[in-house]
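K.L.:
Listed below are the residues making up each chain.
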Amino acid sequence: MNVTFTADELDFRSEVRNYFENEFPPDILAKQRQAIPLSREDMVRWHKHIYEKGWAAINWPEEYGGTGWSSAQKYLFADEQARASAPPFLPFGVSMVGPIIYTYGTEEQKQRFLPDILQFNTWWCQGYSEPGAGSDLASLKMRAELAGDHYVLNGTKTWTTLGQHADWIFCLVRTNTDVARRQEGISFVLVDMDQPGVTVKPIYLLDGEHEVNEVHFDNVEVPLENLVGEEGKGWTYGKVLLQHERTGIAGVADSKYKLSRLRALAEKSHDGSDALSSDRNFMRKIAAAEVELKALEYTELRTLASVTSGKAPGPESSILKIAGTELRQNIDSLYLEASGYYALPYVRDQYVEDFPDEKRVGPGAATDASLTYFNDRKVTIFGGSNEIQKNIIAKHVLGL
Amino acid sequence: MDLSLNEVQLMLADSIEKFISNDYDFETRQKYSGSDLGYSVEVWQSFAELGWTAFPFSEDDGGFDGGPVDLMVVMERLGRGLIIEPYLANVVLAGGVLKRAANSSQKEQWLSPLISGELQATLAFVEPQARYDINNIATTAVRDGDSWRLNGSKGYVLNGANAGLVIVPARTSGEQRDTSGVTLFGVPCDTAGISVRDYETIDGQRAAEIDMKDVALPLDAVIGKVDAGFDALQSTVDDATFAVCAEAVGIMSVLTEKTIEYSKSRVQFGVPISSFQALQHRMVEMYTACEQSRSLLMWAAMTIADDGNDASKAVHSLKYQIGVAGKLVGEEAVQIHGGMGVTWELDVAHYFKRLTAIGLMFGNADWHLDRLSGSSD
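In order, the protein sequence lines correspond to chains R and U.
Throughout the first sequence, residue numbering follows the numbering used here, covering 1 to 400 in sequence.
Throughout the second sequence, residue numbering follows the numbering used here, covering 1001 to 1377 in sequence.
So that you can see chain R by itself, here it is in the shape it has in the complex (with noise of 0.2 angstroms):
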C-alpha cells in the first residue's frame, strides 16, 4: 500500500491537466463556470472533442476503443476533469449500454452501435422506469410481442433523461408474461426513436428545467436483430448496468472541487461583508464534509481496483451510491446556507450566454445554489432509489 502516485502517474496526470486547460473547448468550460446549461449541440461537440484526444472510454477494454487504463490513471482523469469544470460524460451511451453490448451483444451489433457511441454520432438514452415501476424495476409492464422478424412495443417509460435529445433508446421490455418470477421474461432490446410511434413528452423538475421525459410507445417495431443477448434475460443484464452505473454516481472529483470552491468562496467577502471563514459553524461543517468525502475517495479507489483486477463492481457499489449522493446532497446545503438571501432570486435568464455580468442578482454564482440544491434532491432517487441500495446491502452484502 502507498498513497504517492508514481512518476509515471504524475506525468499523466500532467498531459491530462494540459488537455483541460490548453486543448478542451474553452466555451465549454466558460459555460459551465456560470451555470449556463450545455445545448444538444456543445455536448456532442465536446464529447467529440475527447474521442479525438482517444480519451472517450475510460472504463472500455482498449479492444474496442477503451483506454486501457489503471484504476490510479482513472482516478486522476476524473480528478482533472472536474478541476476543470469540465462536464461529466454522458452516461447513457458509454458507461450504460457500450458495456451491455461489447459484454453481450452479438459480433454484428458491436461492429453496428459500438464505433458510434465512441464518436458520439448516436445520443443514447435509458428506458428502465415506468410510471408503475420505479424502485420495484421487475414490475415493469411494458410489452414487446413477437411478431415474425420483429417486435411490437406498447407501453411508456419514464424519467428519461435527456430523451428529447436522443436518437437511441435501451429499453426492459417483457416478452413473456407467463412467468413464475416477475424478473424472467424481460428482455434488453435497443429502439431507434426516429420511427412512427415513439412519443417524446417532456417532465418539468422542481427547477423548471426540461431534464427528463415520458417516453411513450405505440406500436413499435424492432427487428429481433436488436435484442442484445438472450430473450429473457433482460433482468440480468439490467443489473449489471446498473452496477455500472452506481460505481460512477460517487461523483468523487467533482464534490472534492464543489468543497474547495466553497472554502475560496468562504473566505472572500462579498460587498464588504464578513467572510464566512469567520464563521466557526459553517467552517466545521465543510471540514466534516472533507472528512466524508476522504472516506469515500478511497472507498470508490477500493472499488475501481477491484474492478480493474478483472471483478465487475459487486454490490457494494451501492455504497458508493449511498454515501456519494449524500455527500452532494449536504455539499449542496452548505452553498445553499453560504449563500443566505441570495440563494432566494430565481432568475433564470441569468443562466443563458451573453447575459451581463452587472445585472446578474447577488454575488458570483451564488444565486444557482438553490437551484441545484432542488435538482439534486432528485440523485438519492434515480439509478435506484437510496433505500434500494440499502435493501441491496443488506439482502446482497450483509446477507439479512
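Just so you know, the hints here were simulated from the structure itself, not pulled from any lab data.
The model shown is predicted, which means the values in this text are computed figures rather than measured ones.
Glycine is no exception: its CB is placed at the ideal position from the N, C-alpha and C atoms.
Just to be clear, a hint being listed does not mean it is correct.
[Claimed, not checked] DEER-style ranges, computed between Cβ atoms: (1) R:A275 <-> U:E1042: 42 to 48 angstroms; (2) U:E1118 <-> R:R348: 28 to 34 angstroms; (3) U:D1178 <-> R:E267: 23 to 29 angstroms; (4) U:N1151 <-> R:L301: 51 to 57 angstroms; (5) R:E353 <-> U:D1178: 43 to 49 angstroms; (6) U:S1195 <-> R:R348: 20 to 26 angstroms; (7) R:D274 <-> U:L1219: 42 to 48 angstroms; (8) R:P356 <-> U:E1042: 34 to 40 angstroms.
[Stated by the list, open to error] Straight-line Cα separation of at most 25 angstroms, DSS-like style, residue types lysine-lysine; simulated pairs: (9) U:K1031 <-> R:K285; (10) U:K1264 <-> R:K390; (11) R:K141 <-> U:K1225; (12) R:K390 <-> U:K1327; (13) R:K239 <-> R:K395; (14) U:K1213 <-> U:K1225; (15) U:K1225 <-> R:K201; (16) R:K31 <-> R:K395.
Assemble the complex: chain R is given as a structure, and chain U must be docked to it using the hints.
P.N.:
This is chain U only, laid out in the frame that chain R set:
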C-alpha cells in the same frame, strides 16, 4: 394557562380554511404566481374585505387589536394554502413599522390604504453585505436643508416591484453596525433616483434589488424619530420571523399529511410503500418534527403576547427549530414521493421550495442558535 383558541380565532381559522378550499387550489396558486404581478389583485381585495389585512392593528388604526396568537392562526393557514399573496410584506413588515412608529398623518396616508388593500407596501430590511444582521446598514441618509438624501442598496425586497411604498432603514449617524443612528423613511417608489430590479424568487414569490442614488425625500418622510428607528425595525422583523415560522408549521403539516397519503396509495413490490417499516419510521420522524414545531410555535406566540423579556428568546428558539425541522420534513417529503416529488407538476415540490426559502430568511438555524447560546458577537 390556556392552550385553546378563542371563538374569534376559531372563526378566523375557519374562514381562511374555507377560502382556500373553495377558491385557492394549487392550480389557481400557480396561475397567480406565474402572472405579471405575481399575485392576484382580486384575492388581495377579498383579504382586505374579510378583514384579514386589518386584524394586527389597533382599533384606532382601523384594525381588530389582534396579537401573536391571531397572527399564528392566519399565517399557519396561509402556509397550508401555499398562498402567494404578499401578506408578509404588506401587513407584517410594512404594517409592523407603521403601526409602531408612524404618526397619525402617515398612518392616514399609508396604513389606512394598506389595510383597505389599495396600497402595496414593503420593508427593505436586507442589505447585500449584511447577511442576517439587520443592524448592518450601509445605506445613508444625509440632511440637506429641507430634505433628506438617500444613497445605498437594498436586497431581497419582498413585493418590491409592486410596492407603492417602500420603508427604508438608513443610517443617519454612527458606525455601520450601530443600532443607534438608524432612521426609517417612507419612500414612495416613484421617487426620482430609485431603480428597482424585479425578479421571481425560488418559492414563486416576487422580490427586488433596490438601488438609491441621491434620492431626495421631504422631512416628513421620516417614520418615528431620527436616529431612533432601530427598535421598531427589530420588533417588526421579530414579528415577521415569528410569522414565517407559523407559515412553516402549516406547510410542514401539509407535507406530512400528503406524504402519508401518497405512501398509502403508491404500490411497489405488490404492496403500498406505507407498509415498509423503514419508511414508516421516517414518516413518524416527520410527524414528530412537525408537532414539536407546533408546540414551540404556540409557546412562542403566548410568550410574545406576554410581552416579557423572553420574547426574543422565543423567536430565536422557534426559528432554530423551524430551520432544522423544516429541512427534515421538506427533504423527506420529496424523497418519499420519489420521482414525483421532484416534478414541477406536483404541489409537494412547491411546498418544499417555500419551506426552504423560509429556512434561509431572517437568519438560518445556526444564526439563531448562536444568539441563544451566547456565542454571537
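K.L.:
Can you name, in rising order, the numbers of the hints this structure does not satisfy?
P.N.:
Hints 7, 9, 11, 15 and 16 not satisfied by this model.
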